[in-house]
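Those protein sequences? They're chains A and B, same order as listed.
If you read the first sequence in our numbering, its first letter stands for residue 1, the second for the next number, and so on.
If you read the second sequence in our numbering, its first letter stands for residue 1001, the second for the next number, and so on.
Check each hint, because a few of them may be wrong.
[What the hints assert, rightly or not] Within a straight-line C-alpha distance of at most 25 Å, the following computed DMTMM-like cross-link-like pairs (lysine to aspartate or glutamate) qualify: (1) 91(A) / 1059(B); (2) 91(A) / 135(A); (3) 73(A) / 1059(B); (4) 1148(B) / 75(A); (5) 1148(B) / 81(A); (6) 36(A) / 1151(B); (7) 1063(B) / 107(A); (8) 73(A) / 1157(B).
Just so you know, these hints were derived from the structure itself, not from any lab.
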Amino acid sequence: MNKTSIVKTTILLLSLATILLPIALAFNQYGQNIHKLFIPSYEPPKIDLSPGRFLGFRIEDRDLYADLEFINKGEVKVVFESLNAMVYTTKGSSLASVSLSRRVSLEPGAVENVTFKLTFNTTVEDALVPLLVDESGVELEVNGTLTLSILGSKVIVPVSFPLTISRFDLGLAGYI
Amino acid sequence: MSLVNVLSLNRRVNTLGVASSLLLLYVLLSDKPWWILTGGSSGGRTILVELSPFTFTMEILGKSLTIPIAFYVNLAAKLSILLAIVTTILGSILVSKLWSKPMISVKGLILSVLFIVGVFALLQIAQLSVGSSNIPILGESIMKYAFKSGEVEVVVEIPLKSEITMHYWIALIAGVTSIPAKILQGKIAAPSKR
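Using the sequences plus the hints, can you model the full thing?
Below is the structure:
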């Protein structure tokens, strides 16, 4: 065997060792459970956004505002980016559009007021008073999509929830 | 004076081999990623993937995802390249020896090419598993991912950006340089015809 062949063989053996050594280490570490080598290990952070206290309605200009507390019980910051929804009567006719009055950012553990803005075609009173005749409150339905921002990604969540507005909420107790 | 003599400093050292090895050594010791994929915008980071043959980092929603095999693959790549660096430097110094030609390694080039092929293959697997075709190997895109949460379908839009880093290009240059280094070694080490 000449020197070139010896060098070639030595390099080949060392090259094999560089591959076989990590394989041997993996076998030594994982033994019979070699399949565990390929299983990713990941624990996602908790994402938990819960509604808190309802703080009430208020009328400003031609719009109705609803203030609701939200609590971020999760581990990541959540931002309320936008709401694109409609308010429907129980008969299915659309009454108002709903949006967020401002973008709200909730750090983990934070409690923030989120203000929903209900925009009617007419004044709030004109839109709701006919529905409140002989009724103490009116049952409405909100349907739409809420856009949240979580760690730089947009999360679009369909929302659908009932909304009850009473005369007292609007300060119309003696109005009708 | 011939090019061979210039590049070998009068048949004393294979400068291309030394250059290739030193570049590879820098890339190995820097331990920096060759390819980066980030997801998110406005300072937020939904996804981070940093890959090189020597490192693997993956974060989803700020939490690390680990795959045990990655450590051993990285270790094998590190040892292989370390061996290639050592043999190439020795071969470049022992240039006058006829048996030194096999010591000039082209593993840097093989690794650089295999890395891109590997990233491409991994992206295909990832796209199949998340049901999206918008994960770029290079450039920007928006990945849409829909999943059921109770009764409703939640849609997630993740702006993605991927790039090949300077360290990949340095490794590729080192790999490409190893080809003329090997040719040069053959010319220097070849017995004189005179």
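Going through the hints against the structure:
no.: 1; hint: 91(A) / 1059(B); verdict: violated (48 Å)
no.: 2; hint: 91(A) / 135(A); verdict: holds (16 Å)
no.: 3; hint: 73(A) / 1059(B); verdict: holds (21 Å)
no.: 4; hint: 1148(B) / 75(A); verdict: holds (21 Å)
no.: 5; hint: 1148(B) / 81(A); verdict: holds (21 Å)
no.: 6; hint: 36(A) / 1151(B); verdict: violated (34 Å)
no.: 7; hint: 1063(B) / 107(A); verdict: holds (17 Å)
no.: 8; hint: 73(A) / 1157(B); verdict: holds (23 Å)
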